[in-house]
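K.L.:
One-letter residues, chain by chain:
Number of protein chains: 6
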Amino acid sequence: MFKYQVDEHIYLAITEMRHAEALHSVIVENRDHIGQFLMFARIQTLEDTKSFVQASLSNFAAGTEIPTCIWYDNQLIGSIGLRISQANRSASIKYWISKEYEGKGVMTKCCKAMINYAFRELKLNRIEIRAIKENVRSRAIPERLGFKHEGTFRQDVKLNDELADSSVYGLLAEEWNSGS
Amino acid sequence: MFKYQVDEHIYLAITEMRHAEALHSVIVENRDHIGQFLMFARIQTLEDTKSFVQASLSNFAAGTEIPTCIWYDNQLIGSIGLRISQANRSASIKYWISKEYEGKGVMTKCCKAMINYAFRELKLNRIEIRAIKENVRSRAIPERLGFKHEGTFRQDVKLNDELADSSVYGLLAEEWNSGS
Amino acid sequence: MFKYQVDEHIYLAITEMRHAEALHSVIVENRDHIGQFLMFARIQTLEDTKSFVQASLSNFAAGTEIPTCIWYDNQLIGSIGLRISQANRSASIKYWISKEYEGKGVMTKCCKAMINYAFRELKLNRIEIRAIKENVRSRAIPERLGFKHEGTFRQDVKLNDELADSSVYGLLAEEWNSGS
Amino acid sequence: MFKYQVDEHIYLAITEMRHAEALHSVIVENRDHIGQFLMFARIQTLEDTKSFVQASLSNFAAGTEIPTCIWYDNQLIGSIGLRISQANRSASIKYWISKEYEGKGVMTKCCKAMINYAFRELKLNRIEIRAIKENVRSRAIPERLGFKHEGTFRQDVKLNDELADSSVYGLLAEEWNSGS
Amino acid sequence: MFKYQVDEHIYLAITEMRHAEALHSVIVENRDHIGQFLMFARIQTLEDTKSFVQASLSNFAAGTEIPTCIWYDNQLIGSIGLRISQANRSASIKYWISKEYEGKGVMTKCCKAMINYAFRELKLNRIEIRAIKENVRSRAIPERLGFKHEGTFRQDVKLNDELADSSVYGLLAEEWNSGS
Amino acid sequence: MFKYQVDEHIYLAITEMRHAEALHSVIVENRDHIGQFLMFARIQTLEDTKSFVQASLSNFAAGTEIPTCIWYDNQLIGSIGLRISQANRSASIKYWISKEYEGKGVMTKCCKAMINYAFRELKLNRIEIRAIKENVRSRAIPERLGFKHEGTFRQDVKLNDELADSSVYGLLAEEWNSGS
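Residue numbers (the working numbering), protein chains in the order written: chain A, 1227 to 1406; chain B, 1227 to 1406; chain C, 1227 to 1406; chain D, 1227 to 1406; chain E, 1227 to 1406; chain F, 1227 to 1406.
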């Protein structure tokens, strides 16, 4: 597969349509859990997942998104994507992971890989991560990676009919280059 | 014209292709000045302006943008637009105004009109304004209108080959409803 | 709203997708009545109305149509649209109004507004109105506004599986400018 | 070729992109002459002709147009097209012919073929021909074919920066069926 | 109709949407039989047939396909299409015919017409026919027409969940010109 | 990068727009050499290369192509792509490599990787390679990999205004699975 090897167990692979069913299964199993993240919470049917994948692929073809799935020992366990603004040389990272694999540092490693990709290969200058403020585990990832907390957006995201605040974190290429 | 009357001199009108030449003239005359705002700074030719207008009209047709020009005594003097996320019931406002009309409260009045439109007609819940941090005059607008400063994004915007920090402000429907 | 104020009660507003449900309700309530007009008679479901609105918005973005709804005391009561041929500097007006509001001069006022818009703002030269020949009330509008009867088209329009003749009226900018 | 044989010398063939150069040559040679007809007068370059052909082919694929060229002894000498409204079971015919072949009854024969195609194969009910009022030769065609003069549209068509009146003629299936 | 007259009974006509129902009927009646050919075997519903026709028309508008139906005494009995590569000046022919009309030389005559069209009008240089290896009758057509057998592709085509070998035949313009 | 590691020096990476300039340089340097292969020979300008990349990305998004560049010690040295027919569970491989890297087994290794990807990950059943018959080096690749020679297509490909024969090779999943 066309992949970015993160460690001996984990790799990221560009999301393809043939992954839609595996992706949908993990979303369905983790619906409540994913609801704490910024993405995917509105997906209901396999058709929704396929539309989501098709839109991501169109964005990839347009150069505005790097959509990937996270694989652990060849099993799909989550996703991580990069949304890119070439004009501002910046990107944002969005991610979620199956509950079962949480708390093992997988997400942090995957983010690190995406950051390396964004700064070193795509030559971007700034990366943003936006997490639900209440989701301590999700916020811990940018904090652990040296992102600066740059703001708190009130009622920024609508999830399950409720509006949640989000915490926004930023990282600059110069910080990453010096720091890792 | 299909317009939103702001006061006896000022109205906002949905940007149409027939406005492209007037719009382009004001952009060209104000290039240095506009460079301090978040939009339009990359437009060079009339073709660029027309492409910009066409993209805005497509967004309007898709329901994701309300693109308007600001008219003062029937003269085009700037623009103000609403980018909408129905999913999160939120929007952001972007604006710029000709140097000649700055400092007369025009922009503040236009933003107020857009906020009323967003909260009362579109029933949105949150509005964001992002201004270049160094542009005190631009930042004064959300501050004057009761927006909360929610964050400062470092190196967020590339303008004239330099990266500038931006100040992000948020306003909730409940704040506006109670406050105006 | 972005509107064209016709009088203290009536305004025209660019049709947006969020109006689709209100628009559909009026169409459904007035199906038999609207069947006498040239438009909308083939709409059955809310999906049809939404497709119709989406097509109109695409035409608006392409600069070939000004689709508006007619509002009376903030209630949607009909629609009036302008189809534009820039090449020939001409346009046609199509309209219908809820039965309840018929006979009060509302439609005549709305047409007058559209004609002003077409001649004075869009700088067009000719406007055409085509009405079902049998629909005396509909034909009365162009006649009252000074349009010349320019032709009668036999079996021109298929409505409810029947073919109806249409009366075609034309008005030139020079006539309107001198006459109103 | 996929054609409609009109007589032993003349046939109509669906316009294809490979005909664009031959078509463009005839348009260029006949520019002043064609200016008297309703179509093609705005074409300047071969690119314009190709765009015109491409648009016609898209309409053909959408079922709204039958675009054909007129061939005389295997030489392209003009064009004739049918614009179709399935909803109203009607169509309009537009045509022009090279000056050299005018006055020989070619155009009348081609129209007759198109009318047969429209009424007998496409099962349409009404055909309209619109000619420049001043162009006596062009108007003679519908008159000769039994069309009824249904109206005169003032300043209906802009040709070479002048506005011309048009004469509109209609023919019903029942008239053709009984009459030919 | 716009057609290519093959003999006094048979003609080919560009496939139009209005033929979809007649086409679908013949496909349904001949499903088992058509399964031996390379095309159409996956069509189930009238919607499938319409999608197929729409795709063919888009290809025709793009200049990459000449899709036709075969008519015998004004009855639709099969289809034959040309897929074109302008870059390589080559094309392939695909065909099927209703069981009832098989064995009468109809298909051979239709192919001959298409070959003449491709070599003499479209000025192509090479034509390919690919037939299911097991379908002796289908293979007999290129053999009878002087095509050279150029290869056998193993498990080339999936039909009814089985993989079939195909026989590929080629014919060059120089061979046809000298030979017929 | 999202890549398929072939050996310690070589990897394949999905072609992205940011690779267009590097890709174009290698094409320009190798124009005569590439002319012996089936692809890219018609590219002249950087714009051509960008159009080619954009078309490949659209195909990737549609699931019909896996377009990759070949990298050797992080330098772009050629390309290899997979065109997929899901309906027939088959694909074809197209490739070219910079002259400098020819004769070192790079291409054979890259094909092997693509074949593994096609059979094991995409679960396809048949792979085709088509090489210019005169290009002995290019033909050696499928022969070395165990493909069966299934046909020779006369005047199949137009390269530099000349028509060349092609040799077509096929490989089945069952052959690969048993043989490697």
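Rather than coming from a laboratory, the hints here were simulated on the basis of the structure.
Heads up, some of the hints might be wrong.
If several chains are the same, the list does not tell them apart, and a pair holds so long as it fits within one copy or across any two.
To be verified - In the DSBU-like style, the derived pairs of lysine-lysine whose C-alpha atoms are separated by at most 30 Å in a straight line are:
#: 1; residue 1: Lys1359; residue 2: Lys1330
#: 2; residue 1: Lys1276; residue 2: Lys1374
#: 3; residue 1: Lys1338; residue 2: Lys1320
#: 4; residue 1: Lys1384; residue 2: Lys1349
#: 5; residue 1: Lys1320; residue 2: Lys1276
K.L.:
Could you work out which of the previously given hints the structure breaks and list their numbers from low to high?
P.N.:
2
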